[in-house]
Amino acid sequence: MRAFLAVALMVLAFAGCKREEREPRPEPVAERDIPAIVMSDLAPGEKPPSSPDYPHYTENAWQVSEGKRLFEAMNCNGCHARGGGDIGPPLMDRQWIYGSEPGNIFATIMEGRPNGMPSFRNMIPEQQVWQLVAYVRSLAGLVRKDVASGRSDDMSARPSEQSLPEEPPRNAGIPPSATGTQP
Amino acid sequence: MNGFQSALHPAGPQALHIERLIWLFTGISAFVLLAVTVALLWAVFRRRERRDLAAEPRPPELRERRLGRVVGAAVALTVVLLFVLLTASFATDRRLLDLEGREQLTVHVIGHQWWWEIRYAHGEPARRVITANELHIPVGVPVRIELTSPDVIHSFWVPNLHGKQDLIPGSSNAITIEADRPGTYRGQCAEFCGLQHAFMAFLVVAEPEETFDAWYERQLAPAREPGNDQARRGREVFLRSACVMCHRIRGTSASATYGPDLTHLKSRQILAAGAVPDTRGHLAAWIADPQGIKPGARMPITALPPPDFQALLAYLETLE
Amino acid sequence: MSASEASDLRDGPALDEAVTRARLEHTWRRPEGLWGWLVTVDHKEIGRRYIATALGFFALSGLLALTMRLQLALPESHLVGPDLYGQLFSMHGSAMMFLFAVPVMEAVAIYVVPLMCGTRNIAFPRLVAFSYWIYLCGGLFFFISFAGNTGADRGWFAYVPLSGPEYSPGKRVDTWAQMITFTEVAALAVSVALIVTILKQRAPGMSLDRMPLYLWAILVTSFMVLFAMPAVMLASSFLIMDRLIDTHFFNQAEGGSALLFQHLFWFFGHPEVYIIFIPALGFVSSIVATFARRPVFGHLPMVLALIATGILGFGLWVHHMFATGLPRLGNGFFTAASIMIAIPSGVQIFCWLATLWDGRPVFKTPLLYVLGFVFIFVLGGLTGVMVASVPLDLQVHDTYFVVAHFHYVLIGGAVFPLLGALHYHFPKITGRMPGERLGRLGFLLTFVGFNLAFFPMHILGLSGMPRRVYTYPSGLGWDGMNLLATIGAFTLAAGFLVFFLNLLLSLRRGAPAGDNPWGASTLEWATSSPPPVHAFAHVPLVRSREPLWEERESLPVVTGLRVDAREVLVTATVTAEPRVREPSPEPAIWPLLTALATTGLFIGSIYTPWAVVWGTVPVAVTLIGWFWPTKREQRKEKATEHAPGLAEAGA
Chain A
1 MRAFLAVALM
11 VLAFAGCKRE
21 EREPRPEPVA
31 ERDIPAIVMS
41 DLAPGEKPPS
51 SPDYPHYTEN
61 AWQVSEGKRL
71 FEAMNCNGCH
81 ARGGGDIGPP
91 LMDRQWIYGS
101 EPGNIFATIM
111 EGRPNGMPSF
121 RNMIPEQQVW
131 QLVAYVRSLA
141 GLVRKDVASG
151 RSDDMSARPS
161 EQSLPEEPPR
171 NAGIPPSATG
181 TQP
Chain B
1 MNGFQSALHP
11 AGPQALHIER
21 LIWLFTGISA
31 FVLLAVTVAL
41 LWAVFRRRER
51 RDLAAEPRPP
61 ELRERRLGRV
71 VGAAVALTVV
81 LLFVLLTASF
91 ATDRRLLDLE
101 GREQLTVHVI
111 GHQWWWEIRY
121 AHGEPARRVI
131 TANELHIPVG
141 VPVRIELTSP
151 DVIHSFWVPN
161 LHGKQDLIPG
171 SSNAITIEAD
181 RPGTYRGQCA
191 EFCGLQHAFM
201 AFLVVAEPEE
211 TFDAWYERQL
221 APAREPGNDQ
231 ARRGREVFLR
241 SACVMCHRIR
251 GTSASATYGP
261 DLTHLKSRQI
271 LAAGAVPDTR
281 GHLAAWIADP
291 QGIKPGARMP
301 ITALPPPDFQ
311 ALLAYLETLE
Chain C
1 MSASEASDLR
11 DGPALDEAVT
21 RARLEHTWRR
31 PEGLWGWLVT
41 VDHKEIGRRY
51 IATALGFFAL
61 SGLLALTMRL
71 QLALPESHLV
81 GPDLYGQLFS
91 MHGSAMMFLF
101 AVPVMEAVAI
111 YVVPLMCGTR
121 NIAFPRLVAF
131 SYWIYLCGGL
141 FFFISFAGNT
151 GADRGWFAYV
161 PLSGPEYSPG
171 KRVDTWAQMI
181 TFTEVAALAV
191 SVALIVTILK
201 QRAPGMSLDR
211 MPLYLWAILV
221 TSFMVLFAMP
231 AVMLASSFLI
241 MDRLIDTHFF
251 NQAEGGSALL
261 FQHLFWFFGH
271 PEVYIIFIPA
281 LGFVSSIVAT
291 FARRPVFGHL
301 PMVLALIATG
311 ILGFGLWVHH
321 MFATGLPRLG
331 NGFFTAASIM
341 IAIPSGVQIF
351 CWLATLWDGR
361 PVFKTPLLYV
371 LGFVFIFVLG
381 GLTGVMVASV
391 PLDLQVHDTY
401 FVVAHFHYVL
411 IGGAVFPLLG
421 ALHYHFPKIT
431 GRMPGERLGR
441 LGFLLTFVGF
451 NLAFFPMHIL
461 GLSGMPRRVY
471 TYPSGLGWDG
481 MNLLATIGAF
491 TLAAGFLVFF
501 LNLLLSLRRG
511 APAGDNPWGA
521 STLEWATSSP
531 PPVHAFAHVP
541 LVRSREPLWE
551 ERESLPVVTG
561 LRVDAREVLV
571 TATVTAEPRV
581 REPSPEPAIW
591 PLLTALATTG
601 LFIGSIYTPW
611 AVVWGTVPVA
621 VTLIGWFWPT
631 KREQRKEKAT
641 EHAPGLAEAG
651 A
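Chains A, B and C, in that order, give the protein sequences. Just so we're aligned, residue 1 is where the first sequence starts under the UniProt record's numbering, counting upward by one. Just so we're aligned, residue 1 is where the second sequence starts under the UniProt record's numbering, counting upward by one. Just so we're aligned, residue 1 is where the third sequence starts under the UniProt record's numbering, counting upward by one.
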């Protein structure tokens with residue numbers, strides 16, 4: 001009984017640690033962990049292994065909220081309008097043109113995408129890009145509820161990230177530039 | 001450097017009024033404490049015929065009335081002293097307002113997590129100075145400080161000049177300060193505002209009016225054109241790295257307002273809101289590892305190749 | 001009346017004394033073993049447990065404080081980082097206020113008040129048991145969260161917007177807010193029980209004007225709890241709703257107000273100080289009277305001063321907010337009110353001085369703590385007058401001056417009397433005398449250590465050192481005094497250690513204490529040490545303010561309470577004339593089960609709003625179990641409707 005309690009406590013404590021850490025200098029994510037850009041669900045042979053989870057960022061409330069701060073500070077709202085989409089695609093639905101895995105989103109921010117998404121390589125330090133990645137995933141309900149952000153102290157047009165419904169991701173895999181419908 | 005951030009070393013009329021009040025309160029308090037302590041010691045140590053727990057508890061006697069008179073007198077004296085203190089407090093409070101309405105200069109101070117943005121108000125937009133963490137004021141001139149916060153509650157406090165005033169998001173407060181002798185005074189955020197509350201300091205530099213005017217003119221000027229190749233390369237590094245996303249250097253295309261304005265970085269005495277002095281070595285350390293110096297600060301770690309890093313430093317050194 | 005009429009057996013001349021005691025012992029006994037431990041409703045057992053738990057949290061919070069002092073001993077120290085430091089001072093403040101100071105005062109009251117009233121058990125003992133369990137769960141939850149890096153990190157005040165959803169990600173602030181809910185539920189439950197015990201269960205004859213000052217102090221405190229605690233529960237509930245379900249109580253952009261939180265918090269927070277401090281005044285009055293060998297001078301002014309403090313305590317909260325830019329005229333009013341509260345405090349100090357002067361003080365450890373209290377508390381009160389003044393407060397607010405001030409008031413004003421009271425009541429609780437030598441050493445260390453730790457902080461504050469900084473640069477003239485304060489803090493900790501070590505040693509080795517080892521005057525000393533489960537074989541009859549001094553040899557008693565069923569005597573509120581015999585509840589597991597169900601609801605609500613919906617089901621089930629009427633209780637209910645048939649008799 002006592003042993004069980006001790007184990008339960010340790011598990012609890014560990015879960016808390018991961019979620020609550022305020023680690024301003026986390027270990028950098030190794031280059032090899034970042035998968036290549038996925039343009040399509042179709043792949044020869046087996047499906048590629050799913051990318052590693054970046055728990056430093058995606059399972060940590062502070063990193064996610066830092067991402068939220070940066071999302072505003074770096075004017076992501078200018079095109080993505082709080083995740084709802086404007087001249088940039090919405091981020092809170094289930095459509096992920098260039099993939100929903102953290103590595104995909106990282107690559108999207110770092111390299112840019114055709115038709116408007118600029119490359120932020122060298123302009124946003126890697127650590128902050130990972131914070132943005134974690135936040136972007138939370139917009140579609142892809143992070144744990146106890147990690148997602150609460151409402152902001154501003155005029156709130158939509159529910160906070162923690163009350164957004166989870167949207168199971170579907171990689172559309174068709175860049176708009178390839179469909180020919182875009183100018 | 002003692003007294004560089006202290007309520008007991010007033011450098012302005014308001015801090016002086018408050019300091020006098022501190023000493024008045026301290027004096028009366030010391031008197032009361034002494035009186036009570038003496039009375040206590042006398043009460044317990046005066047000679048008694050018998051001290052033990054078996055002693056018959058003494059029923060109240062005729063002495064009660066005499067005791068009652070003494071206690072009554074002590075209470076009356078307490079009330080009188082409290083009235084004296086209350087009156088002094090109200091009088092000082094009124095005096096603190098003396099400067100209000102006579103201000104000749106208005107400065108907006110904006111508290112950020114965890115640094116101070118300072119914007120001098122001026123009728124002409126072109127003559128508004130923007131700087132950070134260092135407030136210059138002319139000696140003998142009442143200055144109105146308008147306080148706002150975009151994030152959490154901070155508190156503006158320069159103990160040598162005045163008491164504190166909170167910066168509350170969503171509303172604005174103001175405080176008037178005046179320095180009556182030149183000098184540099186340290187101020188600090190006084191309301192807990194998160195991880196780096198301890199390093200949210202700023203300096204107030206009080207200087208004669210001519211010196212202040214000269215400083216103001218220098219601050220108005222855009223950044224100087226870098227004089228050598230190294231510095232020119234540094235500017236390029238600045239403009240195509242993460243620096244440009246948050247900082248502004250007037251005279252270049254860097255115009256972000258998220259972090260402190262760096263146009264005249266080297267004219268300031270402190271870096272990172274008081275975490276380190278503004279020297280080349282500390283600047284290098286701050287850019288290379290801000291999170292080691294001030295964990296949790298908004299300045300990210302930017303990995304720059306060593307030659308770029310040196311060039312950037314050389315450029316920043318020219319921002320005087 | 002013969003013993004064979006088991007259905008209605010009462011104490012009295014007709015019943016043999018030995019039989020009475022045996023029957024009472026049997027009636028009031030709880031089941032043996034772990035089960036009995038869990039189901040007990042004996043106020044003495046719950047009180048002891050409550051005291052021990054509160055002291056446990058005191059030790060934990062003290063360790064946090066020592067860690068902070070180590071960090072601040074030297075400038076620019078890297079012992080702990082800003083994140084951990086934020087948790088340290090927040091946990092220290094919150095736990096000291098919510099898990100130690102208020103609960104320990106109530107804990108001692110749970111033990112002492114019914115005995116001092118001369119009744120057999122506290123009113124609503126199951127509610128008190130529930131209060132203990134919920135308090136224990138809340139406290140454990142708070143510290144376990146801290147062990148899991150989810151400790152509160154926004155100060156004990158948790159101002160919005162810093163503690164709001166945008167600037168405090170994660171669950172840290174939620175654990176803080178729910179800990180408030182836990183402890184406030186516990187405190188409210190105890191207050192209700194104490195008020196009813198004091199107003200309705202005093203021994204016959206103990207009219208309001210014969211009530212000991214300690215009971216007055218607890219009565220005033222309990223009413224203050226009743227009025228103050230709802231404000232902070234409102235604040236913490238609004239906060240947690242803002243954080244978890246997107247409400248906008250404190251969101252300026254949506255019509256909320258950040259200052260509203262401060263008003264709600266301090267409307268509770270200031271009375272809170274008096275809630276901690278007024279019971280301590282009661283301890284001081286008890287100790288002064290006993291060891292000065294005379295009744296406290298000026299009983300009526302003392303009572304009025306307690307009541308005045310209780311009322312004025314609600315009119316001062318804005319002096320915590322002078323720097324927020326509220327209207328000047330309003331601030332002036334709060335300055336006047338804050339300074340005014342020094343008058344009732346002064347009245348009490350002078351009355352104690354008069355008592356000591358006129359009496360024949362015996363220097364035992366409890367009295368030493370009271371003497372230390374007078375010095376420290378007067379100093380703390382005077383700096384309190386300083387922070388009440390708007391101009392002065394603008395300089396010292398949120399600096400180490402304030403830290404010094406409230407530690408003078410809380411440690412000097414409340415912990416010193418508490419230690420005195422623990423030493424004083426130790427023989428009653430354990431039946432053993434506490435050691436005098438170690439007791440004195442403990443006092444010396446705490447007194448010296450305390451002043452060494454906290455006096456320099458006054459100067460630090462005036463020299464510009466703000467509170468809640470995890471480190472400070474050297475060269476500002478703060479280094480020496482910080483080091484001194486750290487040395488003092490460790491001396492103080494050593495003093496506490498010696499004090500509690502002394503009590504632990506005395507538990508084994510202490511000389512057996514008689515019923516009334518200090519020769520005190522109040523009713524709790526009329527029964528044996530430790531008291532039997534039923535506390536009094538016969539309910540005492542009170543004919544003066546100091547019953548054990550006026551009638552030293554034989555205390556008159558009233559008889560006629562049943563010995564074969566748990567009964568307490570209910571008396572009139574003002575005159576304390578006997579009114580009815582009231583059944584007192586049997587032991588039950590329901591308080592524990594209800595507390596566990598409530599704990600599930602409170603903790604679950606941090607993680608999902610649905611816990612509030614589904615969590616009510618177990619709470620409702622356990623509450624129904626708790627209040628399910630049993631046949632025995634119904635029968636007893638009827639019995640009380642008959643004339644009580646009390647006989648008044650001198651022994």
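Hints may be right or wrong, so weigh each one.
Here are some, though not all, of the chain C residues that point toward chain A, as calculated from beta-carbon distances under 10 Å [claimed, not checked]:
hint: 1; residue: S77
hint: 2; residue: G81
hint: 3; residue: F124
hint: 4; residue: H248
hint: 5; residue: F250
hint: 6; residue: R328
hint: 7; residue: P609
hint: 8; residue: A611
Since the hints were made in silico from the structure, they are not lab data. Quantities reported herein were computed from a predicted structural model and do not represent experimental measurements. Ideal Cβ placement from N, Cα and C applies to all residues, glycine included.
Hint numbers contradicted by this structure: 1, 3, 6 and 8
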